[in-house]
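Start from the sequences and build out the full structure, keeping to the hints where you can.
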Amino acid sequence: MGKFQKIKHIWNIIKSEWKTRYRIVFSNEQTHEQQWVIKRLTIQKMFVIGVIAAAILILLTTILIALTPLRMYIPGYTSKNDYKLYKQAVEHIDSLEQVIQYNQQYIDHFTTMLSGKVPTTEEMDEEASKTPSVHATARDKDRMEATEELLEESDMILARSDENMGGGAGMPGIEQAKITNLNLYPPAIGAVVRLFDAVKGHYGIDIANNDRTTVTSVADGVVISTYFNMTDGYVIVVQHPGNLISIYKRNASLLKKTGARVSAGTPIALMGNTALEGGKNSHLHFELWYNGFPVNPLEYLVVE
Numbered sequence: 001m002g003k004f005q006k007i008k009h010i011w012n013i014i015k016s017e018w019k020t021r022y023r024i025v026f027s028n029e030q031t032h033e034q035q036w037v038i039k040r041l042t043i044q045k046m047f048v049i050g051v052i053a054a055a056i057l058i059l060l061t062t063i064l065i066a067l068t069p070l071r072m073y074i075p076g077y078t079s080k081n082d083y084k085l086y087k088q089a090v091e092h093i094d095s096l097e098q099v100i101q102y103n104q105q106y107i108d109h110f111t112t113m114l115s116g117k118v119p120t121t122e123e124m125d126e127e128a129s130k131t132p133s134v135h136a137t138a139r140d141k142d143r144m145e146a147t148e149e150l151l152e153e154s155d156m157i158l159a160r161s162d163e164n165m166g167g168g169a170g171m172p173g174i175e176q177a178k179i180t181n182l183n184l185y186p187p188a189i190g191a192v193v194r195l196f197d198a199v200k201g202h203y204g205i206d207i208a209n210n211d212r213t214t215v216t217s218v219a220d221g222v223v224i225s226t227y228f229n230m231t232d233g234y235v236i237v238v239q240h241p242g243n244l245i246s247i248y249k250r251n252a253s254l255l256k257k258t259g260a261r262v263s264a265g266t267p268i269a270l271m272g273n274t275a276l277e278g279g280k281n282s283h284l285h286f287e288l289w290y291n292g293f294p295v296n297p298l299e300y301l302v303v304e
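Going by the working numbering, the first residue of the sequence shown is number 1, and it counts up by one from there.
Hints may contain errors.
Stated by the list, open to error - Think about it this way: if two alpha-carbon atoms lie no more than 30 Å apart in a straight line, the pair counts; the simulated DSS-like pairs of lysine-lysine are:
no., residue 1, residue 2
1, Lys-39, Lys-19
2, Lys-19, Lys-6
3, Lys-3, Lys-19
4, Lys-84, Lys-45
5, Lys-15, Lys-45
6, Lys-87, Lys-45
7, Lys-3, Lys-15
8, Lys-8, Lys-19
9, Lys-39, Lys-15
10, Lys-3, Lys-45
11, Lys-19, Lys-45
Everything labelled a hint here was simulated from the structure, so no lab data went into it.
In structure tokens form, the structure reads like this:
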């Protein structure tokens, strides 16, 4: 209660003196001659002048900080250019991390393709949880295109190895018999409009039919890769027992994701509308690889 009385007493003094006029005199210390006099000065005027002066000072400080380079000397301040560069660096690092992760998945898949190992159910579930959706965004498609470049480089390496060994069609008869015994299922119904030609770098066959015709797996296996690029559309790769791999390109959409188990005749994609040169029909580009070498699919299956 004592503090309240003291505050009230001080307020009463200020209130009583609020409009009392004062005079400030500047005089010579030696002669006591008045040099400068400020008249009619009250506490009310001093308060108003103080508030206005503080507002002007704050306004000028704000203008100096906002419109002049002086703001660079404020501790912790980041310029727009520095912030833009920092943001770009963070986005670039994030993109690189995602590309590295996707490329690592591709390397793991490619190692599986070469070794003929079929992943366990636990491994497939874990891999599927890390793999992006088939219906990817534009940013995901850019990363997938980078992965597709790795796949094309791998195809070139395998093609050179194929040429050095005399071509994929020159496998021993016992290995051809192993593929024949698999009883492969046709990948799609339609007309074969382009044949296998390893010499010209065409490592598969093209099957033409209507847009969104069902594409099926040629044998039991596991989907080890799904991706998209502007040249081949949606692509799906299936690992089969016995070091056999089937690749399905030029699809409009995919029905299976990486890690999915499929059986012979299981729908895995829908044929795309990427027309052949000079043609008008949609088509599927189908490749068959055995022990790391492309083989002619028509030697082991019949397309109706």
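Now for the hints, and whether the structure bears them out:
The suggested pairing of Lys-39 with Lys-19 holds, with an alpha-carbon distance near 13 Å, which does not exceed 30 Å. Annotation: proposed proximity of Lys-19 to Lys-6 holds, straight-line Cα distance about 22 Å (limit 30 Å). For the given pair, Lys-3 sits about 26 Å from Lys-19 by alpha-carbon distance, which is consistent with the 30 Å threshold. Using a Cα cut-off of 30 Å, the hinted pair Lys-84 and Lys-45 is violated, with the two alpha carbons roughly 49 Å apart.
Of the supplied pair hints, the one linking Lys-15 and Lys-45 holds, its CA atoms being roughly 13 Å apart against a limit of 30 Å. A distance of roughly 51 Å separates the Cα atoms of Lys-87 and Lys-45; the hinted pair therefore is violated under the 30 Å criterion. Pair hint Lys-3 plus Lys-15 holds up; C-alpha atoms about 18 Å apart against a cutoff of 30 Å. Restraint check for Lys-8 and Lys-19: satisfied, since their Cα atoms lie roughly 18 Å apart, inside the 30 Å limit.
For the hint pairing Lys-39 with Lys-15, the CA-to-CA distance comes to about 20 Å; that is within 30 Å, so the pair holds. Between Lys-3 and Lys-45 the CA atoms are separated by roughly 28 Å; this keeps the pair inside 30 Å, and the hint holds. For the given pair, Lys-19 sits about 8 Å from Lys-45 by alpha-carbon distance, which is consistent with the 30 Å threshold.
The structure fails to meet hints 4 and 6 from the earlier list, while all remaining hints are met.
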